[in-house]
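Undergrad: Sequence:
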Amino acid sequence: MDDLEEEEEEEEKEQRRAARPAPAPSLPEEPVQQKLIKLKAYRFRPSKNAWKHVVTNVHRDDEHAVDEKKGPCSQLRIISWNIDFDSPHKEERLTAALRHIEEDVLQCKEDEPPEPCCILLQEVNQSVMPSLLRDEWVRRWFVVTPYTKDKWPEDAGYGNVTLISRSLNLVESHILHYGYSVMSRTALCVKIKLNVPGTQEKRVISIVNTHLESLPQGTPFRPKQLEMCARFLRLNGVYGGVIAGDMNSIAPGDAEIGKRLGLKDSWRKGDDSDAGKTWGFQGQNQGNYPTARLDKVFYLPGMGYRVDQPKCIGVGLKILESSDEALWVSDHYGLDTTLRMLKPRSNSS
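Each residue of the sequence shown is one higher than the last, beginning at 1 in the working numbering.
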């Protein structure tokens, strides 16, 4: 049995285990109306010295001509990181996080583009948006959505931002304001077109960046929020994809939410393994909560791709280390994984 057959067999077992879902926690009786907003994506244009939106929703007749501008791409690096909206020195911490991703995680060479990637940031404080858009690496190599805080919920002081490398075929993007949320949480979905190896076929996948409801009082909200994320992976014309971000998995039942929704967790060593825990080692923890695997990467199995087990990033990373004001870049570790499209299995015997 080859690796792909073993993975498919394991996926079938996972789905059978999830066949009898446990009851979800009760939801508030009067949720706020959820809102789905189509987003524009922006890239920096040096000739204008400004960020300008890019055309992403391509008419079918023009599709081939537009795709010719991009090289074939059959794998996608996905980096997710809650960068802590609350601690001091927000701009310095953001810059340190970006340099860590650029230099240590992606190992970018000077004057060369990063490999095809999406960088999913959570807890981006509205005050650091100008700093993000001034960053030379971001300006040169990425498309950004949303471009301002205006597309976040009205009362949100922080939110999600996704950076998409320019080498990728971005189809469209949306933000969903969760109806079941008292913390102004959202799901940010970008659709990316990838090549199927060994064929001329291209498939659209969804990459969802989310921050689920926090704290014990958020427990009733999280199942519904993740369910809304999962819908992005099952849209017509979409071949699955990934949901990544801060899942705030702190309640006993949180570990089962993904399974109930038919999602697979890309971390394969369970919640008890310290190697997978992403929070509680550095920074804020006024509630003295135990260390936990709050951040996760889910994917829809059996859709013709493989998702690598994620690695933690940002471990031990500080700013101002030589001073009395030394700070962790974030209280969360980030996650780094790769989605790889698979060559179709031959039907010949």
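The hints are simulated quantities; they were obtained by calculation from the structure and are not laboratory data.
Check before you lean on any hint, since a few could be wrong.
Label pairs and their in silico Cβ distance ranges [claimed, not checked]: (1) 326 <-> 237: 46 to 56 angstroms; (2) 344 <-> 255: 30 to 40 angstroms; (3) 134 <-> 320: 12 to 22 angstroms; (4) 110 <-> 130: 22 to 32 angstroms; (5) 48 <-> 321: 31 to 41 angstroms; (6) 344 <-> 320: 49 to 59 angstroms; (7) 326 <-> 302: 38 to 48 angstroms; (8) 269 <-> 227: 17 to 27 angstroms; (9) 37 <-> 127: 14 to 24 angstroms; (10) 35 <-> 255: 37 to 47 angstroms.
For lysine-lysine, the following DSS-like pairs were computed, each having C-alpha atoms within a straight-line distance of at most 25 angstroms [claimed, not checked]: (11) 70 <-> 109; (12) 202 <-> 48; (13) 70 <-> 48; (14) 70 <-> 259; (15) 318 <-> 109; (16) 269 <-> 311; (17) 40 <-> 151; (18) 40 <-> 70; (19) 149 <-> 48; (20) 52 <-> 149; (21) 149 <-> 40; (22) 52 <-> 193; (23) 193 <-> 40; (24) 277 <-> 311; (25) 202 <-> 35; (26) 52 <-> 38; (27) 269 <-> 259; (28) 38 <-> 193; (29) 343 <-> 202; (30) 52 <-> 151; (31) 40 <-> 202; (32) 38 <-> 202; (33) 35 <-> 48; (34) 202 <-> 70; (35) 193 <-> 48; (36) 70 <-> 38; (37) 109 <-> 311; (38) 35 <-> 90; (39) 193 <-> 151.
All residues carry an ideal CB built from backbone N, CA and C; glycine is no exception.
Undergrad: Compare the distance between the alpha carbons of residue 40 and residue 151 with 25 angstroms, and conclude whether the hinted pair is satisfied.
TA: Given that 25 angstroms is the threshold and the Cα spacing comes to 10 angstroms, the pair holds.
Undergrad: Keeping to a limit of 25 angstroms between CA atoms, is the pair of residue 193 and residue 40 held or broken?
TA: Cα-Cα ~17 angstroms, so holds.
Undergrad: Does residue 109 lie within 25 angstroms of residue 318 when you go C-alpha to C-alpha?
TA: holds, 23 angstroms
Undergrad: Does the alpha-carbon distance linking residue 70 and residue 48 stay inside the 25 angstroms limit?
TA: holds, 23 angstroms
Undergrad: Within 25 angstroms, alpha carbon to alpha carbon, are residue 52 and residue 149?
TA: holds, 16 angstroms
Undergrad: Can you let me know if the beta-carbon spacing of residue 326 and residue 302 is within 38 to 48 angstroms?
TA: holds, 46 angstroms
Undergrad: For the pair we were handed, residue 109 and residue 311, check the Cα-Cα distance against 25 angstroms.
TA: holds, 21 angstroms
Undergrad: With the threshold set at 25 angstroms, check whether the alpha-carbon distance from residue 35 to residue 48 stays at or below it.
TA: Violated. Residue 35 to residue 48 sits at ~33 angstroms, over the 25 angstroms cutoff.
Undergrad: Look at the Cβ atoms of residue 110 and residue 130 and judge whether their distance stays inside 22 to 32 angstroms.
TA: holds, 25 angstroms
Undergrad: If I claimed the Cβ atoms of residue 269 and residue 227 lie 17 to 27 angstroms apart, would that claim hold in this structure?
TA: holds, 25 angstroms
Undergrad: Given the proposed pairing of residue 269 with residue 311, does the C-alpha separation stay at or below 25 angstroms?
TA: With Cα atoms ~12 angstroms apart, residue 269 and residue 311 stay inside 25 angstroms; holds.
Undergrad: For the pair residue 35 and residue 255, does the Cβ-Cβ distance stay inside 37 to 47 angstroms?
TA: Cβ of residue 35 to Cβ of residue 255: about 29 angstroms, so the range 37 to 47 angstroms is violated.
Violated hints for the displayed structure, listed by number in ascending order: 10, 12, 14, 25, 33, 35 and 38.
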